[in-house]
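Numbering-wise (full-length UniProt numbering), the sequence shown opens with residue 1 and increments by one.
It is worth saying that the hints were derived from the structure and are not from the lab. Among the hints, a few may not be true.
Stated by the list, open to error - With beta-carbon atoms standing in for the labels, derived distance ranges: (1) G64 - R196: 45 to 55 Å; (2) H219 - D31: 30 to 40 Å; (3) S98 - R204: 20 to 30 Å.
To be verified - Think about it this way: if two alpha-carbon atoms lie no more than 25 Å apart in a straight line, the pair counts; the simulated SDA-like pairs of lysine to any residue are: (4) K194 - K56; (5) K56 - L91; (6) K56 - L95.
Idealized CB from N, CA, C, for every residue including glycine.
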Amino acid sequence: MGENPAVLHFRAFPTVHYYLQSRFPAARCVDTSTTAPDPAVFDGASAVVVVRHARKDWLDLLAGLRGDARPVILFMDDDLPSILDDPSLPLGYALRTSRRFAATSGRLNRLGAVLLVSTPGLAAKYGLDDAAVLPPLPSDFRDGTRPCADDGQVRVFYHGTTSHIREIAWLRNVMRRVLGRNPNVHFEIFGPEKVRRLYADLPRTTVRRPLGWEAYRRHALESCLDIGLAPLADTPFNSCRSHVKFFDIARAGGVGVYSDTPVFRRIVRDGENGVLESGGEDGWVDAVCALAEDPALRDRLRRGVSSTMAELAGGRA
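Make the full structure from the sequences, and use the hints.
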């Protein structure tokens, strides 16, 4: 791929940040949803990477410039060809994503594009070898292990999008029980009006309006949060996801409770830099409460998170 690829994407979203910008600081990233086609973007680029999909006029420009040997790469961070097979995903989101990806991948296939993916699960499903896997890397996280605040309050959070609506619904009863057992716990979650209604009767709970990627990054870095939650429903689509929730939780200064799945076992060492929870609702309630009631345990895990993030941030290649 080289050190300075041209990266085409559609709107600002975390995939570009975690997989390309973090690994290739010299990458020229172009949001094709807001930028008119410009052939100068490709001048001197070592490769052209299309992340998920790009606007048609940019793909037309790329097709017209295929007189050189520069590689064209399609990067896929979820099991997009199978997205319509998962009934837990919002139908509108799945339809839009499927349609855009199919149009882009068809055009790039005709250009001889190479497919790169984000996880070993995706590589195995689509018959790719390990060299086709581009794992995520962090580029912004809190440097140090000191808790954000020392006011006796414990801030638990779930920062998932509505593509995780099943997890959002499942967490409601977990947090109802956690908040009932721990009067010093506060909970933060993002979501639209239907999520606000779902959580309306829970005490000490803030439902924030969804933010764009850059605004969300600023919010997380400026927040004072302690325990991040990362449940993951057992579905074929989710089994191909990556472990970027670990990075999101670290950015906010927290330690995480994660579903004990291969997705998170790639990075979480149970009891060292997070908690892997294989139980059901009872197990999650107990795990969150154990962390909420033990600041020394949170501090120890936070040191493990900091060490993992620093190690990964030094491994760009």
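Tested hints:
1. G64 - R196: 45 to 55 Å: With a Cβ separation near 47 Å, G64 and R196 satisfy 45 to 55 Å, so the hint holds.
2. H219 - D31: 30 to 40 Å: violated (20 Å)
3. S98 - R204: 20 to 30 Å: violated (39 Å)
4. K194 - K56: violated (33 Å)
5. K56 - L91: Since the Cα atoms of K56 and L91 sit roughly 23 Å apart, the hinted pair holds (cutoff 25 Å).
6. K56 - L95: holds (18 Å)
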